[in-house]
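Novice: Single-letter residue listing:
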Amino acid sequence: MSTNTTEAGRVESQAVSRGVSLVPLLREYGIVFGGILLAIALTIASPQFLTGTNLSNLLDQWSPAAIMAAALTLVLIGGGFDLSAGSVFALAGVVAAKLAGDGAAVAILAGVLCGMLVGAINGMLVTVGRINTFIATLSTGFIVGGLALAITNGLLISVENPTFLKLGQETFLGLTWGVYLMVVVLVLSGLLLHRTVLGRRIFAVGGNPEAAKLSGVPVEAVRFFSFTLMGTVAGLAGVLQTSRVAFGEASAGGLNLLFNVFAIVIVGGTSMSGGEGAMWRTAVGIAILAMIGNAFVLLNLSAVYQQVFFGVIILAAVAIDAWGRVRT
Amino acid sequence: MSQMTTERSPSSNGAATDVIVELASVSKHFGGVHALEEVSVRVERGTVHALVGENGAGKSTLGNIISGVYAPDAGKMLVNGAEVRYRTPREAARDGIVPVAQEIKLVPQRSVIENVFLGVESSKAGFYDRRELRRRYEELCRQTGIAMPAGTAVGELGIGAQQQVELLRALAREPKLLILDEPTAALTRKEVESLFQIVNRLRDEGTTIIYVSHFLDEILEISDNITVLRDGRLVRHSKAAEETPASLIEGMVGRELGLAFPARKPVEASAPVVLSARGLASQKIKDLDVEIRAGEILGVAGLMGAGRTSLARLLFGVTPLKSGTIELDGRELKLRSPRDAIKNGIALVPESRKEQGLVMPRSVRENLALVHGAEAAHGGFIDAGAEKEKVAGLMDRLDVRGRAGDAVWKLSGGNQQKVALAKWLWTSTRLLIVDEPARGIDIGAKQAMYRLIATLADEGSAVLMISSDIEELTGLSDRVIVLRQGALSGEFDSANFEEQAIVAASFGESPTYSKE
Numbered sequence: 001m002s003t004n005t006t007e008a009g010r011v012e013s014q015a016v017s018r019g020v021s022l023v024p025l026l027r028e029y030g031i032v033f034g035g036i037l038l039a040i041a042l043t044i045a046s047p048q049f050l051t052g053t054n055l056s057n058l059l060d061q062w063s064p065a066a067i068m069a070a071a072l073t074l075v076l077i078g079g080g081f082d083l084s085a086g087s088v089f090a091l092a093g094v095v096a097a098k099l100a101g102d103g104a105a106v107a108i109l110a111g112v113l114c115g116m117l118v119g120a121i122n123g124m125l126v127t128v129g130r131i132n133t134f135i136a137t138l139s140t141g142f143i144v145g146g147l148a149l150a151i152t153n154g155l156l157i158s159v160e161n162p163t164f165l166k167l168g169q170e171t172f173l174g175l176t177w178g179v180y181l182m183v184v185v186l187v188l189s190g191l192l193l194h195r196t197v198l199g200r201r202i203f204a205v206g207g208n209p210e211a212a213k214l215s216g217v218p219v220e221a222v223r224f225f226s227f228t229l230m231g232t233v234a235g236l237a238g239v240l241q242t243s244r245v246a247f248g249e250a251s252a253g254g255l256n257l258l259f260n261v262f263a264i265v266i267v268g269g270t271s272m273s274g275g276e277g278a279m280w281r282t283a284v285g286i287a288i289l290a291m292i293g294n295a296f297v298l299l300n301l302s303a304v305y306q307q308v309f310f311g312v313i314i315l316a317a318v319a320i321d322a323w324g325r326v327r328t
Numbered sequence: 001m002s003q004m005t006t007e008r009s010p011s012s013n014g015a016a017t018d019v020i021v022e023l024a025s026v027s028k029h030f031g032g033v034h035a036l037e038e039v040s041v042r043v044e045r046g047t048v049h050a051l052v053g054e055n056g057a058g059k060s061t062l063g064n065i066i067s068g069v070y071a072p073d074a075g076k077m078l079v080n081g082a083e084v085r086y087r088t089p090r091e092a093a094r095d096g097i098v099p100v101a102q103e104i105k106l107v108p109q110r111s112v113i114e115n116v117f118l119g120v121e122s123s124k125a126g127f128y129d130r131r132e133l134r135r136r137y138e139e140l141c142r143q144t145g146i147a148m149p150a151g152t153a154v155g156e157l158g159i160g161a162q163q164q165v166e167l168l169r170a171l172a173r174e175p176k177l178l179i180l181d182e183p184t185a186a187l188t189r190k191e192v193e194s195l196f197q198i199v200n201r202l203r204d205e206g207t208t209i210i211y212v213s214h215f216l217d218e219i220l221e222i223s224d225n226i227t228v229l230r231d232g233r234l235v236r237h238s239k240a241a242e243e244t245p246a247s248l249i250e251g252m253v254g255r256e257l258g259l260a261f262p263a264r265k266p267v268e269a270s271a272p273v274v275l276s277a278r279g280l281a282s283q284k285i286k287d288l289d290v291e292i293r294a295g296e297i298l299g300v301a302g303l304m305g306a307g308r309t310s311l312a313r314l315l316f317g318v319t320p321l322k323s324g325t326i327e328l329d330g331r332e333l334k335l336r337s338p339r340d341a342i343k344n345g346i347a348l349v350p351e352s353r354k355e356q357g358l359v360m361p362r363s364v365r366e367n368l369a370l371v372h373g374a375e376a377a378h379g380g381f382i383d384a385g386a387e388k389e390k391v392a393g394l395m396d397r398l399d400v401r402g403r404a405g406d407a408v409w410k411l412s413g414g415n416q417q418k419v420a421l422a423k424w425l426w427t428s429t430r431l432l433i434v435d436e437p438a439r440g441i442d443i444g445a446k447q448a449m450y451r452l453i454a455t456l457a458d459e460g461s462a463v464l465m466i467s468s469d470i471e472e473l474t475g476l477s478d479r480v481i482v483l484r485q486g487a488l489s490g491e492f493d494s495a496n497f498e499e500q501a502i503v504a505a506s507f508g509e510s511p512t513y514s515k516e
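Protein sequences, first through last, are from chains Z and S. For the first sequence, the residue numbers in my numbering are 1 to 328. For the second sequence, the residue numbers in my numbering are 1 to 516.
If we strip away everything but chain Z, and leave its shape as in the complex, we get:
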């Protein structure tokens, strides 16, 4: 092949990419524009929106879900799925509440380890056991939720250890430690996903497990890791929640939380079919859902319709994504 044709090919491909204007940009960053528009609209509609108190409350309120969403992003990109995360969240919270009297560190560690253990079991079921992801995590979700109920007897376990309560209640520069924890988890997960070899492998396993395997990627180990991470992080979020509200209860989390966490990731634009997505998308998803929830409160709208609205938003996000995905 002569250099001439090579040059021609390069020039052509550049010309093509320049020719297409706004559409790919919108497709890639549309969700960001959506978020900004929403923020502007809320600022205009309600004077309370853009106040330090409101925003710091909002962040604090969404921090447990956001932490879980960071891990779920990894799981979904890796082609996985986790229905047990809500129950893991509840179990970890209950365990932490039960042990809070024995010291803050013990309580936190026990809650997080609980989550890690369930995550590892999920990972084993899916990889070694070759059980369908949906069924495996549905089952462990029931089991773990039941255990949380057994520990509490259906009652609230209140927590009085002041050191333990600092995590969710003490503020630093106007923000609770939970908010900082959320930022740290998001940043670390983002680095893991986008800057490490392991992150690359998660994308490859989700995008094409067969090709990943034939490229020497330890596919099962990567899957195991993502489930274990999900469990660990859900445990951490559960501990944080117990510290925020000063009690543990088996019905914490539940379906509502799980749905919110999925909604965050999907609205952000991470693909349910694996191999595509990004951590910044999840961060944007958190902002959007938090703002919508906030709007219902600030504008005095009936909270009944909030869920309806969430559903519509998810469908819209997925529809836009599907429209952008029409490949020739």
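A couple of the hints might just be wrong.
Each pair of labels, with its calculated beta carbon distance range [said to hold, decoys possible]:
(1) Y305(Z) <-> G393(S): 53 to 63 Å
(2) N132(Z) <-> E193(S): 19 to 29 Å
(3) Q485(S) <-> L113(Z): 28 to 38 Å
(4) V107(S) <-> V312(Z): 45 to 55 Å
(5) R90(S) <-> M272(Z): 47 to 57 Å
(6) S352(S) <-> V318(Z): 37 to 47 Å
(7) V312(Z) <-> E121(S): 39 to 49 Å
(8) E121(S) <-> S302(Z): 48 to 58 Å
(9) D287(S) <-> L113(Z): 47 to 57 Å
Rather than coming from a laboratory, the hints here were simulated on the basis of the structure. No residue lacks a Cβ here, since even glycine has one placed at the ideal position from N, Cα and C.
With chain Z fixed as given, assemble chain S onto it according to the hints.
Specialist: Okay, now just chain S, sitting in the frame of chain Z:
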């Protein structure tokens, strides 16, 4: 094999030929590849019409156009003298055109009778009419002479019986034209004979049959007319009585225009043996020895299902060995996964770049770095600068047209294939296995692939190249082995490459046959 007597119906001797399907200058492209180019065929009513050609010659594409799976890009199709444009197989079925697919497409959990009448059930007011279905089923069995218990779940039947269910299913649609695509590939000789009896009976009752097969003896035995295809083009039409296996093979083998192969250095006699595999056996491979020297390209010929890809998967640790040994540079390898193979310097460019070779939604950069990218990382973190440089080098070496950040699916097929190969060049490989390295890509990309494969061999790697393209095999290889049904059926040195003898060996014909 002609001990089986078949009575030919006299229909093909009639004065005015009655044509059921006619294709006029039909073309079909997939991406930049011509699957069919200006092919014209007339299929006479009440005959068995065979389509013959190598892998990729366009036989199945032709069958798929007639049965409405694909619409032709150009050309006309006439059924019973009227022009048709089928958009779906359903429309073709309305004209009585029914295909029996190469792969079995039955619902294994359901019974034979449910599968046979799936989609054409008899019903009364929406309710399944068991009595009527039973009657129709017995009628079908009587017609064909197939005796099959109606209530057995299809999944419990053997392959031969499943194929018969597939046939009954097609017949339940009362076809005027039946398309059989490789119907005998999985059958025993006895099952083939009973299939032929059914085919003969159907023909005698006036059904037309299009018969696609790799088995030349069978074709000569069963068909009235034959169409020979090569590289998507028509070679000739003829009467089966005028052909022999040798004449068919001669027709199937030909040269693609404009293709040049890189000059090769001859392998020195003193070159060390890199791969030495002895007594390889698995489900599909029977006691096979393979040896490749440094700098040698070993071509592997054979039909689809002959065990070529299974051989690649054995050597790459994808499927475990049942018995046998694999030595690389004199060391015995125990391969439990592709990971083990890669650690030992073995690389595989698989058959399907889309399904096995590449992660389509990810970027060129990520795909290139997938195998050895960890080497451009510190403590697990990717060194973006080092990676960028390495990726640019690889893209340059193979002349990959596209940007490193683009998702691979945006690239053309040829450029995708270059990426699938380039990812192995991050470090040096001892044994490179390429499975159909140039299938479905344009000539420019083909030549880039060939040049690179040749260069790698010249640099001292051993190369195992599986291909269905006979020119590619003879043009690039130092030696060619032919597989048939998992065993060696021929071996040729570059000194005595005879394209027709190689093809003959893959069809199971005696490799000693000579051309006049």
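Novice: Would you mind marking each hint as holding or not holding in the structure?
Specialist: Hints and how they fare:
About 57 Å separates the C-beta atoms of Y305(Z) and G393(S), a value consistent with the hinted range of 53 to 63 Å. A beta carbon spacing of about 44 Å between N132(Z) and E193(S) contradicts the range 19 to 29 Å that was offered as a hint. With their beta carbons about 56 Å apart, Q485(S) and L113(Z) fall outside the hinted range of 28 to 38 Å. The hinted window of 45 to 55 Å between V107(S) and V312(Z) is violated, with their beta carbons roughly 38 Å apart.
Checked against the hint of 47 to 57 Å, the C-beta distance between R90(S) and M272(Z) comes to roughly 31 Å, which is inconsistent with it. The beta-carbon spacing between S352(S) and V318(Z), approximately 29 Å, falls outside the hinted interval of 37 to 47 Å. A beta carbon spacing of about 41 Å between V312(Z) and E121(S) agrees with the range 39 to 49 Å that was offered as a hint. In this structure the supplied range 48 to 58 Å holds for E121(S) paired with S302(Z), their Cβ-Cβ distance being about 51 Å.
Restraint check, D287(S) to L113(Z): a C-beta distance of roughly 53 Å satisfies the suggested window 47 to 57 Å.
Of the numbered hints stated above, those contradicted by the structure are hints 2, 3, 4, 5 and 6, listed in ascending order.
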